[in-house]
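Each protein sequence line maps, in turn, to chains A and B. Number 155 in the working numbering belongs to position 155 of the first sequence; there are no gaps in the numbering. Number 82 in the working numbering belongs to position 82 of the second sequence; there are no gaps in the numbering.
Derived by calculation from the structure, the hints in this document are not laboratory data. Since the model is a prediction, treat every value here as computed from it, not as a measurement. Built from N, CA and C at the ideal position, the CB exists for glycine as well. Incorrect hints may appear among the rest.
[Stated by the list, open to error] Which residues of chain A face chain B? A partial, calculated answer using Cβ under 8 Å: (1) THR11; (2) ARG294; (3) PRO296; (4) THR325; (5) PHE329; (6) THR356; (7) ILE364; (8) THR400; (9) VAL404.
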Amino acid sequence: MAVGTYERAPTLERADYASPVASELETIWETKPGIGGWLSTVDHKELGIRYIATAFAFLILGGIEALVMRVQLARPNLSLLTPEQYNQIFSMHGITMIFLYAQPVLTGFSAYLFPLLLGTRDLAFPRLNAFSYWAYLAAGLFMYASFLVAAAPNDGWFNYAPYSLKTYNPGPNMDFYALGMILLGISTTAGAINFLVTVLRTRAPGMSINRLPILTWGTTTTSVGILLSMPAVTLACFMLWADRQFGTHFFDATARGQPLLWQHLFWIFAHPWVYIIVLPAMGIVSDALPIFCRRPLVGYTVVVLGTIATMVMGFGVWLHHMFATGIPFIALSFFSGASFVITIPSAVAVFAWVATIWTGRPVITTAFLFFAGFISMFVIGGVSGVMTASVAADRQLTDTYFVVAHIHYVLIGINLFPVIGGLFVWFPKMTGRMLNERLGKWSFWIILCGFNLAFLPMHWTGLAGMPRRIYTYQDGMGWNTVNLVTSIGAFFLALGILLVLINIFLSVRNGAVAGPNPWDGPTLEWVTPSPPPPYNFAVIPAVASRHPLWEDRLREGMGHSSVHRGLVLDDGKEMLATTVLDAEPDAILKMPEDSYSPLVVAVVMTAGFAGLLLHWWVFSGICAWLMFMGLLVWLWPEPKLGQSARWDR
Amino acid sequence: MTYLRTFGGFKGEQIKVLTWALLIQAIVVVVIVSLLVLIGVLLRRSRRPATGLDRQPVQETGSGLSWIYIGVGISTIALIGSMIWNGYTMAAIDRPPRAPELTIEVRGHQWWWEVRYLSQDTSRIFETANEIHIPVGQPVEFRVSTVDVIHSFWIPALGDKIDLIPNQINSNWLEADSPGIYRGQCSEFCGQQHAHMGLVVVADKPADFQAWWDSQLQPAALPADQPQVAEGATQFVLRCGACHNIRGTQAGGRLGPNLSHLMSRKSVAAGTLPNNPAYLSGWIADPQTVKPGNLMPNLDLSGPELASIRTFLEAQK
Ligand code: HEM
Ligand SMILES: [Cu+2]
């Protein structure tokens, strides 16, 4: 039998969303209605939205924790919380915001948008995507379960040894942290692999790498960052757990262990992580700000190179979290210097955005306001970062409220602002309805003012010498007024976020109908109806420029993108694989059906981790075996996943 | 505790000037970029709607790249300048201008500071806690470590902080240029009472400092003619001596702060309460309410026991 028998060249046809091909695809790709479909779906759009919704739920939890802290700190010597309660709450606030909100929400945007931006039908591994989501949810619930036994992690989000060891922390608090982080790491790693393969192999024909939207560059870059950094923290958490449960001495100084080893392993991971939770958000701005400035982004190539350079350099600055630990002078100067230099690529992005505004004709929408406000907040977070890059200054600043102010400008300014802006841009795509602009603008101004009221004075609190992570402070230190202002600002900020949530709630049902391309955006997601059908594209589009929907008006590129005429792939669930650099058509991918196995595997895996926490070793063993069985079902070869020639067409 | 004003002689001055410079540069950058955004938006804004047919058309108006060249060019110069200044400052303050004559060992405990004065003359070595005296106008070396978790030793008005790390001796030097009382606080999270792990550095004129040191070497005051003090001494050894130490008595504990010459200190419980008889007895009667979770247990002293112990401590000037 000749190899050729199994080769099939798909036909090139014109088909829109009303064509017979489209209705055929609808039946092939659609998820079963009802709870069964909900639990087994592998549709990236459904999962992406779920990721975003879950991340917002964690944002609300972390926000409530923040407000409780701010009440406790509003005046000196308050005792709303016991010291131990405060410590658990500030730790869970940090863990929630950094690990359960900031990165997952960006994963949500990417999971939703990747296939749409890239002109394909799903992520490369749809079931793995479902698994990532379930494992993320499970890891979050796992860590939050600690509150039920009043033993939440209580050593801050970076959890320094030896306070985290059993000697000083006998309860299960740190076991929730160590095991929960490993669990979450599995989810994040799976997600990163999925994004990488998707971007490398499933782009629309013609979408060479210099035509990728910046958001995909951001997420691709950070996915590499995740794969390189995650092992460090997973290892560290495993070592911590072993120290606590099996009497190993990795971090135990009383037995010649090294407490500082934890800090190195943690920051080798966590400094890159800081970029992992901002670069895709910067990508959101780089892609969406130009829509409202009515011109392409200024400096696409340098911005992309800057993104990559930031990630690479992000692996060489971890020591700047440890300037006060007694590191030798030479090492200090190297890491200090590197920390200054890493700002340069960020400056590239800032001036690219400013130039895009100045050379464009900005239309003032809520999304635009969030992006413009973001630029300013980004710069505040950036320059306070430069101050902490200086060893001489940082050894005063570190571990004070100055750093708390800095991280919030970075996290709220560079993550939350773009995320809310991005929501205003893509909510119409996701739901078919526009968010309310009036309410949106109100929420912007309240968030902007509340945020700055809460956190700008906090720089001062730090310069006035208030250490971070204290559950109360004494009267007469000169910190009373600033703290009161900060607490009031925090409630305004919370109110603004509440307005956004109300807006979402109202608009899902009653918002204006969006149509496929309400903002007149340039990229492929705007070709599809809002919300897009399960198969995204009736035919696989072919791309000839960076802005397929603007190219006629910009006279961009040589040829023409072709969005309604393209390869027909309708012999079962199919996608196109293309080559890595040039995106030439390469193979037809047979995509898996919906399945319960990702959910089942995630659940038994989490149960196994719970068993480890409780020392139910046999139970954990059984879970491991069930997980293996679940994987077998998941990966079981099926005839319809093989390529078959259909000569009868 | 602000360090935008320092009293730290050469070192404090260097850090302060650099911090101010970076702060001002930061403010200038923020103002410039924010104005650029604001003016850009106001000047260039389109009044057309965001959606619908008469929306602003898309056009490519110039490459705009010169913004990046100029902006990044200027930023790079500012960054390199800051970097060089920082490097210069780091080198300048790495070592004191002359070798310190005085070395003080500081060891962190959950949630108080053990302090030991070193000397060539072994009879002058002594221990104290939570309050450090230093002579004005000379660099003092601090050698810091910890018996339990990581802490950080920080006297903001005198200079930078240094972490206390198990099995590791870190050192830092500080100098005060005028007499005064400088507050410090632990600044690495160390558990429940991290908030109440303060300390005080008192900078004395050199003569006063020597006098202070001499007085610290004196044994405990146990006047035989005051029976309540003598009774208090016995009670102290019995009830407190397992953890606390007072030179010249049988109390030799090392789990809690050394209480020799307690009344010469400004505060009790690591900067938590002012040191006067009322607060002192309040603390001894119920440390767990004052500083919840701290490692001194409530001792359930009877009224007379408490009174005699307090009288004894009051004599420890
Ligand atoms: C209403 C909004 C918020 C308020 C009022 C707030 C307030 C606070 C407060 C009071 C602390 C504790 C400082 C301390 O005791 O040392 C803190 C820490 C922190 N916050 Fe927030 N926060 C808010 C939102 C966020 C967001 C959105 C993020 C991230 C996306 C975030 C990330 C962090 C981190 C990482 C820490 C450090 C926790 C630690 O020290 O381990 N916060 N925040
Ligand atoms: Cu401490």
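Hint status (Cβ of THR11(A) to nearest Cβ of chain B, threshold 8 Å): violated (33 Å)
*Status of the hint placing PHE329(A) at chain B (closest C-beta pair under 8 Å)*: holds (6 Å)
task: Under 8 Å, Cβ to Cβ, is where VAL404(A) needs to be relative to chain B, so tell me if that hint holds or is violated.
output: violated (12 Å)
The hint names PRO296(A) as touching chain B; please verify it with the least Cβ-Cβ distance against 8 Å. holds (6 Å)
Review point. Does ILE364(A) meet its interface restraint, that is, does its C-beta lie within less than 8 Å of any C-beta in chain B?
Key: holds (6 Å)
| message | Holds or violated: the hint that ARG294(A) contacts chain B, with Cβ atoms closer than 8 Å. | response | With a minimum Cβ separation of about 5 Å from chain B (threshold 8 Å), the hint on ARG294(A) holds.
Item to complete: Would you settle whether the hint for THR400(A) is holds or violated, based on the nearest Cβ-Cβ distance to chain B being less than 8 Å?
Response: holds (7 Å)
Take the shortest C-beta to C-beta distance between THR325(A) and chain B; is it under 8 Å? Holds, because the Cβ-Cβ distance from THR325(A) to chain B comes to roughly 5 Å (cut-off 8 Å).
Review point. Can THR356(A) be said to touch chain B, with a Cβ gap under 8 Å?
Key: holds (7 Å)
In the structure shown, a violation is registered for the earlier hints numbered 1 and 9, in ascending order.
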